[in-house]
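Asker: If you read the protein sequences in the order shown, they are chains Y and C. The first sequence begins at 1 in the UniProt record's numbering and counts up by one. The second sequence begins at 1 in the UniProt record's numbering and counts up by one.
Simulated from the structure, these hints should not be mistaken for laboratory data. It is possible that some hints are incorrect.
[Unchecked claim] Partner residues aside, some chain Y positions facing chain C, computed with beta carbon under 7 angstroms:
id	residue
1	I176
2	A177
3	Y215
4	P217
5	T219
6	V316
7	H319
8	L320
9	Q321
10	G323
11	V324
12	L330
13	R558
14	P561
15	S562
16	E569
[Stated by the list, open to error] Under the rule of at most 20 angstroms between Cα atoms (straight-line distance), these lysine to any residue pairs were calculated in the SDA-like manner:
id	chain 1	residue 1	chain 2	residue 2
17	Y	K231	Y	E283
18	Y	K325	C	Y165
19	Y	K443	Y	F361
20	Y	K325	C	S181
21	Y	K325	C	R557
22	C	K325	Y	S181
23	Y	K564	C	H319
24	C	K325	Y	N573
[Said to hold, decoys possible] With the C-beta cut set under 10 angstroms, the calculated list includes, among others, these residues of chain Y facing chain C:
id	residue
25	F211
26	A315
27	W329
28	Y566
Glycine included, each C-beta is placed from N, C-alpha and C at the ideal position.
Protein chains: 2
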Amino acid sequence: MILSALLTSVGINVGLCFLFFTLYSILRNRPSNANLYVPRLVAEGELEPEDEFSVRNLFSSVKWVKRAWQPSEDELLSNSGLDAVVFMRIFTFGFRVFRFAVIVGIFILLPFNYMGNQLNIDFTDLPNKSLETFSISNVDDGSNRLWIHFSAVYVFTAVVCYLLYSEYDYISSKRIAFFYSSKPRPNQFTVLVRSIPTTSGRSVSESVESFFREYYPSTYLSHSVVRRTSKLKGLINEADKVYKRLRHVKSKKYTQQRFKRSGFMGLFGQKVDLLDHYEKKLEDMEGNVRTERTSVAGKEVPAAFVSFKSRLSAAVASHLQQGVKPTEWLTETAPDPQDVYWPFFSSSFLKRWMCNLAVIFACISITFLFVVPVLIVQGLTHLDQLEIWLPFLRGILHLKIVSQVVTGYLPSLILEMFLSLVPPVMIVLSSIQGYIALSQIEKSACIKVLWFTVWNIFFANVLSGSALYKVDIILEPKRLPELLAVAVPGQLLNVYEPKFETGGKFWPVVHDATIFSLILMHVIAIGIFGVKKVPLASSLTIPLPILTLIFNSYCRRRFLPSFKGYPAECLINKDRLDQSDPTISSFYDELATAYRDPAMKPIRYSSESGESSHSPLLHSA
Amino acid sequence: MILSALLTSVGINVGLCFLFFTLYSILRNRPSNANLYVPRLVAEGELEPEDEFSVRNLFSSVKWVKRAWQPSEDELLSNSGLDAVVFMRIFTFGFRVFRFAVIVGIFILLPFNYMGNQLNIDFTDLPNKSLETFSISNVDDGSNRLWIHFSAVYVFTAVVCYLLYSEYDYISSKRIAFFYSSKPRPNQFTVLVRSIPTTSGRSVSESVESFFREYYPSTYLSHSVVRRTSKLKGLINEADKVYKRLRHVKSKKYTQQRFKRSGFMGLFGQKVDLLDHYEKKLEDMEGNVRTERTSVAGKEVPAAFVSFKSRLSAAVASHLQQGVKPTEWLTETAPDPQDVYWPFFSSSFLKRWMCNLAVIFACISITFLFVVPVLIVQGLTHLDQLEIWLPFLRGILHLKIVSQVVTGYLPSLILEMFLSLVPPVMIVLSSIQGYIALSQIEKSACIKVLWFTVWNIFFANVLSGSALYKVDIILEPKRLPELLAVAVPGQLLNVYEPKFETGGKFWPVVHDATIFSLILMHVIAIGIFGVKKVPLASSLTIPLPILTLIFNSYCRRRFLPSFKGYPAECLINKDRLDQSDPTISSFYDELATAYRDPAMKPIRYSSESGESSHSPLLHSA
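Assemble the whole structure, with the sequences as input and the hints as a guide.
Answerer: Here it is as structure tokens:
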């Protein structure tokens, strides 16, 4: 890649940024878009879709950028929860790392690289210079200037480790503070119990009740047994569809009635038939749902959400082995009620195990098949090869601007497009892997994407054979967060509507990924110093990954336990605060039904669709 | 090694066995040896050293063999605890595995091996045949007979896995039963707390007291802070020595007084001076001990044994993170009071870390240096080489019996002698590694010896280059338990005086080692089938280690948690039983002082030595 191609790419990106920025500033003021741009405010009822937005003009609306930077972390915390704060801090962390890397890279390393003579490139025609002139490739073999790179690796590692440590420290203290300040939440009082043994003639529900009444007599509150509801869910989905069609027909009827008044009489009778047909069908379906719902009561899965009166009891139940057999009465911390992913509860161990194997196989296949788009991109950066493969393009490719776009912008665009397909695919794969919480699915997908990226950058690297050049790319994925960091705050505050709250549990993933990147950088540095014939620098870099790993193990010991659960001290203090809280008894009432399968909750067509109202359905289950 | 040499070796071993058996049968009847042969009975006062033993004769005493096999497991359990039972079961397990291996090996595999022609050895002179004639080496390459070996590997693995499973199941159920039947034991009610934070002006003891009074108000009982007592221990050791000398002089004085009566007057005055000297010295030392003991009170280590009123509270405290900082208030299950290894409590984290590193280095060095005796042994089995190195031995070595002893018996004797040095060395190494329980030291030493053996058998193997022959050796370490199993029962019942009780916690080590041996056998089998040109058998053996590992992971999930702690169900039931037990309050009193450092317990010279009695010392600390 040559310098002018890079600059073309930068120019296109900046132009697109400006375009999107302008479009966003205009579109967000349209009242009809409020649902799309400020869904959280609409959802919370703080903003009516047809509000004051309509009077503002384009230029005043650019102020959102300023407003976006204003909210403090505390505002974010109270509005969107700890996860949003941690999310923001991850961006800020990325930005800080990038800022340091840019300063060191541009003002120290780049000039020294440029002064090298290794690549013997003509000095006169700067725009057409290969980017390698600015990379470490251009430093003379065995040159003492390589010691500047050596120092940079040490200093960069130290700075990143310092940032990681202070961030970990900050987030874990925030986590405790958030726990203290949060209202009682169902998942703090609840454990998920699996592999519940049943004796003959006794239901799962009775087993759970008698076991926990026996061993936690003073703190056991209630339980919800999980039931096989996939058939019920199917029926409800069908009923939903019919209900939507019914509403559609009704609204048409309404317009037709208005039309009728103004003279159109035509197909009215037929519409009434259709309406009757759908209402009849919905009535039948509601009957089916009711029948299925009564039969579901018997379809118990040996798993239950068990709620306690105190957080400590829930923690004790989740930490201690409960039954004599270690394979029975398995307990784990329950996810948020909104975070529960129901479909995989009812599946057997064998089915889950096979799904798991299939997902692993699929992930590996996708990771390897991704080499196809990478090869296409590699072809584009080598224009000469492209001319050989597709000779008819020769005329176009020789236009300067085309060649710059093709070699500078198109490769990264194509790669980004393909890369953007990966996360949704990984989420689908993770969701069929048998997790019981949406947050677990997202975390697993996140890790999958991470490994996918790492493997592909390296596999692509080996294929292209220019390992030295790629080092810059590895050091630069940090540029992405910067762009995002500018755009995200305003978005988070207005757009982000938290579905569940993990209390910042995903920070350790970011930490581990950063440590991995550092170790990778060290290994590459050791290799480069070897290639560049400074073996002493190579050997002196070896302690660095070891020190980094020691630092990591210290961080794991020092902070990670705080992300797995809450300490007894906090649980007991918080429980004591609750005792003096008058709202706790109403919370207990809510808690008793919090973990009911959504399919078992009353559906509301009846009250809305009017005619087919059946009060038993509303109060069933 | 040739057959006759093996038979010579077997003959010598059987002869030695008979000799030791006869010696034991005679010597155990000497009343003066009771302390040595039945120390447990003597210690428990069930047997006076000068008892009925003296009247029996040699032949009736051979009955001990019969009696040794009579005690049931329940007797063993009530006499020597669960550890003794598990120990016995390990021998029995080894014996069962060995019995199966012998039946398959001698009656199925050996005849087929012998019928092979691969090694082309003369059939007429059986005694001088190499043992390899009976090994798989003699089976023709590509022969269908190798499928018998293939089946044997599968069947052997299945049988061993079945035995492992039933043993694990049996021992873990015994563990729970033993827990239910056992009297309250201090370690069930106690946790060890480390890294106790202290605020200025507050002692560790005050910190512990206020923390546990705050968070476990209803169940917290007492605590003992660990103190730096190495100096005190030194003083007590010195005082012990002086006290022993004093007793020695006194007993001499007593005999001299008797001599005096019968006329010898001589050196009496001098003896009295010596007695005075030692008494004075002991008095000074007791003074020093008393002074040091008062100053020790201030030498607190940030660690304490914290006792609770219920087992559940102790389990909760050891399972949950206690303080907000995960590096403070670290809790773990306390060892038995008798099991506590005090010296390493007071050492700093850095010292422990450095000791750990040094021990790892020493272990690796010993493991590698062991190649020296192995090489000597290898030299002995190759007599011809020995003749070249030491030509003057030629005459002796050509005697048939000498050559058979040298090649058949001497190598294993020398190896066993060197091997017998390894366990004590490993115990010394483990004891300076920073463990706080004797049982942990023994377990760690056990694992070290295991890896030492595995590595050395293989390293020796690679050196000697006869990988096929050694397979038999790997399959045969199980022969050792059989010999031991015959001798051990009577011994365990009378000799074994349990110092501490782990509740059979070492069984998982045996399980893991057996699984490792199986996998090793599979890998070797895969290699052999490859070498013997039956690639299909080689490939078909590959699933076996995978299946074994799946079996192992199932066992770990199914049984291992039972060996790490007790389930909530058992803890709560046992606690409830205690509530109706009238002796529990006296147990609580004992518990409060159970974890006092032995150096802080009263010493008893004063009351026994009479003259230098100082009542404050008796009641101090």
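Asker: Would you mind marking each hint as holding or not holding in the structure?
Answerer: Taking the hints in turn, this is what the structure says about them:
A distance limit of 7 angstroms between C-beta atoms decides the matter here; for I176/Y the minimum to chain C is near 6 angstroms, and the interface restraint holds. With its C-beta approaching chain C no nearer than about 10 angstroms, A177/Y sits outside the 7 angstroms limit, and its interface hint is violated. For Y215/Y, the interface hint holds, since its Cβ comes within 7 angstroms of a Cβ in chain C; the closest pair sits about 5 angstroms apart. Annotation: P217/Y was flagged as interfacial toward chain C, and the flag is violated, the nearest CB pair being 10 angstroms apart, outside 7 angstroms.
The beta carbon of T219/Y is not positioned within 7 angstroms of any beta carbon in chain C (closest approach about 12 angstroms), and the interface hint is therefore violated. For V316/Y, the shortest C-beta to C-beta distance to chain C is roughly 5 angstroms, which falls under 7 angstroms, so the interface hint holds. A least Cβ separation of about 4 angstroms between H319/Y and chain C falls short of the 7 angstroms threshold, and the interface hint therefore holds. Annotation: L320/Y was flagged as interfacial toward chain C, and the flag holds, the nearest CB pair being 4 angstroms apart, inside 7 angstroms.
Annotation: Q321/Y was flagged as interfacial toward chain C, and the flag holds, the nearest CB pair being 4 angstroms apart, inside 7 angstroms. About 6 angstroms separates the beta-carbon of G323/Y from the nearest beta-carbon of chain C, less than 7 angstroms, and the hint is met. Interface hint at V324/Y: satisfied, since its Cβ lies 6 angstroms from the closest Cβ of chain C, which is below the 7 angstroms cut-off. Against a cut-off of 7 angstroms between C-beta atoms, the interface hint on L330/Y is violated, since the closest Cβ of chain C lies about 10 angstroms away.
Because the beta carbon of R558/Y sits about 5 angstroms from the nearest beta carbon in chain C, less than 7 angstroms, this interface hint is met. For P561/Y, the shortest C-beta to C-beta distance to chain C is roughly 4 angstroms, which falls under 7 angstroms, so the interface hint holds. Residue-level restraint check for S562/Y holds (minimum Cβ-Cβ distance to chain C is 6 angstroms; threshold 7 angstroms). Annotation: interface hint on E569/Y holds; nearest CB of chain C at approximately 6 angstroms, less than 7 angstroms.
Distance restraint check for K231/Y and E283/Y: the Cα-Cα separation of roughly 18 angstroms lies within the 20 angstroms cut-off, and the hinted pair is therefore satisfied. Between K325/Y and Y165/C, the direct Cα distance comes to roughly 14 angstroms. Compliance with the 20 angstroms bound is thereby established for this hinted pair. Annotation: proposed proximity of K443/Y to F361/Y holds, straight-line Cα distance about 19 angstroms (limit 20 angstroms). The hinted pair formed by K325/Y and S181/C meets the criterion: a straight-line CA distance of about 18 angstroms does not exceed 20 angstroms.
For the suggested pair K325/Y and R557/C, the alpha carbons sit about 10 angstroms apart, so the restraint of at most 20 angstroms is met. Distance restraint check for K325/C and S181/Y: the Cα-Cα separation of roughly 18 angstroms lies within the 20 angstroms cut-off, and the hinted pair is therefore satisfied. Annotation: proposed proximity of K564/Y to H319/C holds, straight-line Cα distance about 13 angstroms (limit 20 angstroms). Simply put, K325/C and N573/Y have alpha-carbon atoms about 15 angstroms apart, close enough for the 20 angstroms limit, and the pair holds.
Taken as an interface hint, F211/Y checks out: its beta carbon lies about 8 angstroms from the nearest beta carbon of chain C, inside 10 angstroms. Given the 10 angstroms rule on beta carbons, the hint for A315/Y holds: about 6 angstroms separates it from the nearest Cβ of chain C. Because the beta carbon of W329/Y sits about 8 angstroms from the nearest beta carbon in chain C, less than 10 angstroms, this interface hint is met. A cut of 10 angstroms between beta carbons decides the hint on Y566/Y: the least distance to chain C is about 8 angstroms, and the hint holds.
Taken one by one, the earlier hints fail for this structure at numbers 2, 4, 5, 12, listed in ascending order.
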